[in-house]
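Chain B: place on chain A using the hints.
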Amino acid sequence: MKQKLLRRWGRFAARHPWWIIGVLLALTVVCAGLASNLKLNMRYADMLPSDDPKAQEFDRILTEFKTASSTIIVVQGEEGAMKRFVERIVPRIRELDTLVAGIDYRVDREFLGNHGFMLAEADDLDQSVGMFKDLSLVPFLTQLNDDFEQEYSGDQEALSTRVKEEGAVRALDGLEYWLRTMDRYVAESGATPAAVADTAVDRLLFGDPYFISHDKRAMIVTVRPTFSAMDIDKCVLSTRLIREYIAEAQQEFPDVHAGLTGTIAIQADEQYHVGKDIGIGVAVALLLVLALFILTFRMWASPILAALNLLIGIVITAGVASIYPGRLTPFTAMFAVILVGLGIDYAIHIISLYTERRQIDPDAATAMEEALARSGSGVITGALTTAIAFAALAVSSTLGIREMGIVLGLGIFTTMVVTVVGLPAFLSARERVLVKLKRGKPLKHRHVEFSFLSGYGRTVVRRPWVFLVIALVLTGFFVYQASKAKFDPNMMNMEPEGMESVVLYDTLENAFEFTPDFAMVAANSIEESYAIAESAKAMPSFSMVENIGDFVPPREKQLERQPAVRRLREELAAQRRSEPVTRASIGTVVRELERLDANIYELAQLAYTGGQDRVDAKAKSIIGDPEAEEAQSVVLALADRIKADPGLAARTLGRFQQHYWPKLRARAMAMANPELIELEDVPDDIRRRFVSESGEDFLVTIYTKKMIWDFEVLRRFNKQLDLVDPKITGTPPIMQRLMDSIARDGVLATILTILIVFGLLWLDFRSLRLALLGMIPLIAGGIWMVGILKTFGMMFTMLNVMGIPMIVGIGIDDGVHIVHRYRIEGFLKTPLVLASTGKAVLLTSLTTIAGFGSLMITSYRGFISLGALLSFGVGACFLTTVLFLPSIICIWHRRKQARTDLWYRPR
Amino acid sequence: MKRFIASTIMMLAATLPLAAQEMSADQILDRVSETVEPEQAHGKLRMTITTSTGEHRTFLYETFSKGSGDKALIKYIEPSRVKGQAILMLNDANDIWTWFPRTKRVRKLATHAKKQKLEGSDFSYEDMGGGDEFREEFYATRLKDERVQGRPCYKLELVRREGSDASYSRILLWVDQEQLVPLTIHYYHDRDPQLWEKELVCSDVRVVDGIPTPFRYSMHNQLEGTSTSMETVEMRYDVDLPDDLFTELGMQR
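Going down the list, the sequences are from chains A and B. Each residue of the first sequence is one higher than the last, beginning at 1 in this note's numbering. Each residue of the second sequence is one higher than the last, beginning at 1001 in this note's numbering.
Just chain A, same shape as in the assembly (with noise of 0.2 Å):
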């Protein structure tokens, strides 16, 4: 029934072709207009299953709480030359209105100049009150050497977290700020402007005010969008504009450097390479394929038209998939090189058949019907198993599986149906077009063999067990590689190698100890906000927790807090003239700075012991490195300096009292302001940080530690998380929850795919065993994919592990073809199925292997290993197909040679 159809279509092409190529044409306009709407999304969140939590929350986040994603600026460079540098970029990304809706690069210093006071801790507010009881320099200083000797020799635990560490440099760098300032007053001999002792006093109250490293190298400015991060457009805009002011202002900055990163930054640079990978991968993959085809059927206008014809298949897919799925992700984008690499071969079948049937009958009418009837067979079902394997992903519950599933299934379907339809009338209207051309000359069609195929299958009927041995050995090989083979965690490294975004994302680890890999929760209340940050503040594996309750600490909190504020104030309020610095009183300041470096070594050394490198680098800015003979420490060297003129020191170091205490009291007294923070007091940019627009979500942002691509990492920061809260979400659950999910739901696939490929080869071929025999070469070929792998020393991506249930597809059409050759041919002519079959399997595997393989020269790398992993799938199933099935073949042959072979029904 089948040959029957086909033949009747190899004869109506023949007759009709161009009625058939005017319909394809017309369909591939109308799908190019609709593929026109065929958007690319990269979000991992939107792989996920449609209906779970996590995705939905983190959703929902994005749309609330639109600045909780955002681009970061890293800028690396001298400190005066970063700090220049951003101060000229920011007021350029400002006017970016509709797409920025903030920038976060210095510390608001006028809320904190207003209620600093009231977000201290009860324990170092008493502390304070004791520090700005006399801001008069002589008591100031005695009282810091207390408080020091309190806050960090006296208690280790203050250095035990990463906050904490954080605390303790900021105020040791705002403490080095005062005394190189001091220093500054004596050397200049009263000379410095007061403008010196007001910057001292901001940095020794609030530090320094740009979001700097410890090393000052390296700067971060946080830009806040106006659209949610899944607007990919206005992502792919808002980075490209920043990126042009960036490189606008580096012109007079040459020694700065910066770059973008963050989850708005990764998802355009990600659309970038992705669409350039697209096109690059078509282009190449065709090349080679038709390369290939040329090369090896020594003909220019077949294999254009077989080209041709692809690409008519791959429109009308574009074009179905803009209605459903309507997107392409990750794991669908390279759908038209996959199609590029299988869809040739069912032109390579046609056009192999029909130059051999050319050959044979006399007219082209009639090659083409027995062209069609002895390759469409085969040609449907490989297509149809491929298809149905494909489509067998579609019942994955994720997202990504399933829309790669539906994709390459219609679109192997689509191609196998354009090149049943189209071709023949393709190649019947080019010989129409030759034949008018060379005014009835009769064509010359080549026809070329492969002699080594069928020396090859001589061979194999001389010795099967050499052939079967062989086979058996590598796979014994390939099988104990493929169990050593790893899964590679790191989505990183499946991104394009040094693309800007993601080298920055070590610079931010190393230089702040974050990632932009942040958890996020919207909490129902500020009082839940409040309970989720402080127990998230108690788990190991994170390094921030960001919450409105930074700037509007709980109410029992602030209650807590209003009594010593009041009292600072009060105590502030009193002192109404700064106490002089006298010849006298000058030996005082030397013994406290003398205190203080004392102070300063015993912290640094609690924290060399602790393990507080941050720290102890810091101290050691300060009072000499302990270990270095020549350590010049700022602290002794003042001392020095005063104990070599009093009388002068006594003078200039007066005149710093009259700069900084009226401008140190004044702020102190702004910053122990007793009233109670509400909500409405928060500048409306922060407030957006942590408020959605209802006024009804508070958001809480957890930060790791650690890069979250390992397994270990990753595993152990949303174990905690859940912990604190089952519903946080953010990338790092969505990674593990994708990752389990691909794990699970791949498992489950290529099972599927492999039941199903065995029922459609039991369905074609009528036969258990004939059906078993086709597996083996699959099954074999799976497992030299992934031994080869691990042989090549590369891992399984999220991505490429896709190959697995991809290759079930793939691998199954060249037994199938074989098999189907050797039930027309019978089951003693394996060098002719060799010769024949063998050569049309062989190309259509080089053929597969360059569009797959091409698939190796974009630079996502994801792409990459996914090209690699299907390469390998395809060479070796290639392989196992000629090592195994002959050889098999053979040996049952010769065990059955004295009865009738139960196999073979001659037709």
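One should not assume that every hint holds.
If you want a taste of the chain A side facing chain B, the calculated C-beta under 7 Å gives, among others [unchecked claim]:
1. ALA195
2. SER322
3. SER541
4. THR609
5. ASP625
6. GLU627
7. ALA628
8. LEU723
Estimated spans, in silico, between C-beta atoms of each pair [what the hints assert, rightly or not]:
9. A/GLY587 x B/ASP1209: 48 to 58 Å
10. B/GLN1194 x A/ILE891: 52 to 62 Å
11. A/GLU500 x B/LYS1144: 55 to 65 Å
12. A/MET707 x B/ASP1026: 22 to 32 Å
13. B/ARG1161 x A/ALA531: 50 to 60 Å
14. A/GLN251 x B/HIS1220: 45 to 55 Å
15. B/ASP1026 x A/SER483: 37 to 47 Å
16. B/ASP1209 x A/VAL473: 57 to 67 Å
17. A/ASP124 x B/VAL1239: 36 to 46 Å
18. B/PRO1101 x A/GLN251: 51 to 61 Å
19. B/HIS1220 x A/GLU500: 33 to 43 Å
20. B/LEU1245 x A/ASP124: 33 to 43 Å
21. A/ALA283 x B/HIS1220: 46 to 56 Å
22. A/THR588 x B/VAL1239: 43 to 53 Å
If you are wondering where the hints come from, they were derived from the structure by calculation, not from laboratory data. Glycine residues also receive a C-beta, built at the ideal position from the N, C-alpha and C atoms.
Only chain B this time, still in chain A's reference frame:
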């Protein structure tokens, strides 16, 4: 007669392990306390920590303890930067002082610091305690025996008593049946008895002055992904340490 003696020995041999097998969890913990908390000890330890920037740092200490761990003194020997620095822990590490030779000052570090990390390591002061703590703070249950490091072990589950301020909600303990030394300890998170926080592996057990002593300890923090290894360089229990060693003056000597 010979046959009688032989059969008696055989009977005794058969009953000894039986008696051991029938020991309750509390009895095992009592025996553990005797081995892990000797009355007095003097030794040298080498500990490697991972710093906050991921560097590894190794310290060599001289350690003294008395009163089954009630008083302890640690003196740094290496590296040179901290040579002579000392830590004094009294009242089961509830009170801690540090001596800095360069500034010649003694600082009280903290009170009730037991839950804090011991010198940037994955050990807390509390982890350095032993059997008594286990008995006082936890309910112990004996589980099915298991082999650890190739040796038969009692497996105990300790669940924190209500009102206890121990840092762990649950502890699993594998105690060598022959030497009664814990070979592996799993500590579970303060807030979730299922959340495995740390693992301590004790190995290279040698008998010193009649007391089985692990010469290698490795603490792995499962939640932070960090490890601290500690190696016993020398250890003696047959010592008579003066009480004044465990004072501010003792630190400075």
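Results of checking the hints against the structure:
1. Interface restraint check for A/ALA195: the shortest CB-CB distance to chain B comes to about 36 Å, outside 7 Å, so the restraint is violated.
2. Violation of the interface hint for A/SER322 is found here, the shortest Cβ-Cβ separation to chain B being roughly 45 Å, above the 7 Å cut-off.
3. The beta carbon of A/SER541 comes within 6 Å of a beta carbon in chain B, closer than 7 Å, and the hint placing it at the interface holds.
4. Interface hint at A/THR609: satisfied, since its Cβ lies 5 Å from the closest Cβ of chain B, which is below the 7 Å cut-off.
5. A hinted interface residue such as A/ASP625 counts as satisfied when its beta carbon comes closer than 7 Å to some beta carbon of chain B; here the least separation is about 9 Å, so the hint is violated.
6. Because the smallest distance between the Cβ of A/GLU627 and any Cβ of chain B comes to about 5 Å, under 7 Å, the interface hint for this residue holds.
7. This hint is violated: A/ALA628 has a C-beta 10 Å from the nearest C-beta of chain B, more than the 7 Å allowed.
8. At its closest, the beta carbon of A/LEU723 sits 5 Å from a beta carbon of chain B; the interface hint therefore holds under the 7 Å criterion.
9. Between A/GLY587 and B/ASP1209 the beta carbons are some 56 Å apart, a value that agrees with the proposed interval 48 to 58 Å.
10. Between B/GLN1194 and A/ILE891 the beta carbons are some 56 Å apart, a value that agrees with the proposed interval 52 to 62 Å.
11. Between A/GLU500 and B/LYS1144 the C-beta distance comes to about 56 Å, which sits within the given range of 55 to 65 Å.
12. Checked against the hint of 22 to 32 Å, the pair A/MET707 and B/ASP1026 fails, with Cβ atoms roughly 45 Å apart.
13. Between B/ARG1161 and A/ALA531 the beta carbons are some 26 Å apart, a value that contradicts the proposed interval 50 to 60 Å.
14. Between A/GLN251 and B/HIS1220 the beta carbons are some 51 Å apart, a value that agrees with the proposed interval 45 to 55 Å.
15. Take B/ASP1026 and A/SER483: their Cβ atoms lie about 46 Å apart, and the range 37 to 47 Å holds.
16. One distance hint, 57 to 67 Å for the beta-carbon pair B/ASP1209 and A/VAL473, holds here, with the actual separation near 60 Å.
17. Taking 36 to 46 Å as the suggested C-beta distance range, the pair A/ASP124 and B/VAL1239 conforms, at roughly 44 Å.
18. The hinted range of 51 to 61 Å is satisfied by B/PRO1101 and A/GLN251, whose Cβ atoms lie roughly 55 Å apart.
19. About 36 Å separates the C-beta atoms of B/HIS1220 and A/GLU500, a value consistent with the hinted range of 33 to 43 Å.
20. At roughly 37 Å, the beta-carbon separation of B/LEU1245 and A/ASP124 lies within the given 33 to 43 Å, and the hint holds.
21. In this structure the hint that A/ALA283 and B/HIS1220 lie 46 to 56 Å apart at CB holds, the actual value being about 51 Å.
22. Between A/THR588 and B/VAL1239 the Cβ separation comes to about 48 Å, which falls inside the hinted range of 43 to 53 Å.
Hint compliance for this structure: hints 1, 2, 5, 7, 12 and 13 are broken, all remaining hints hold.
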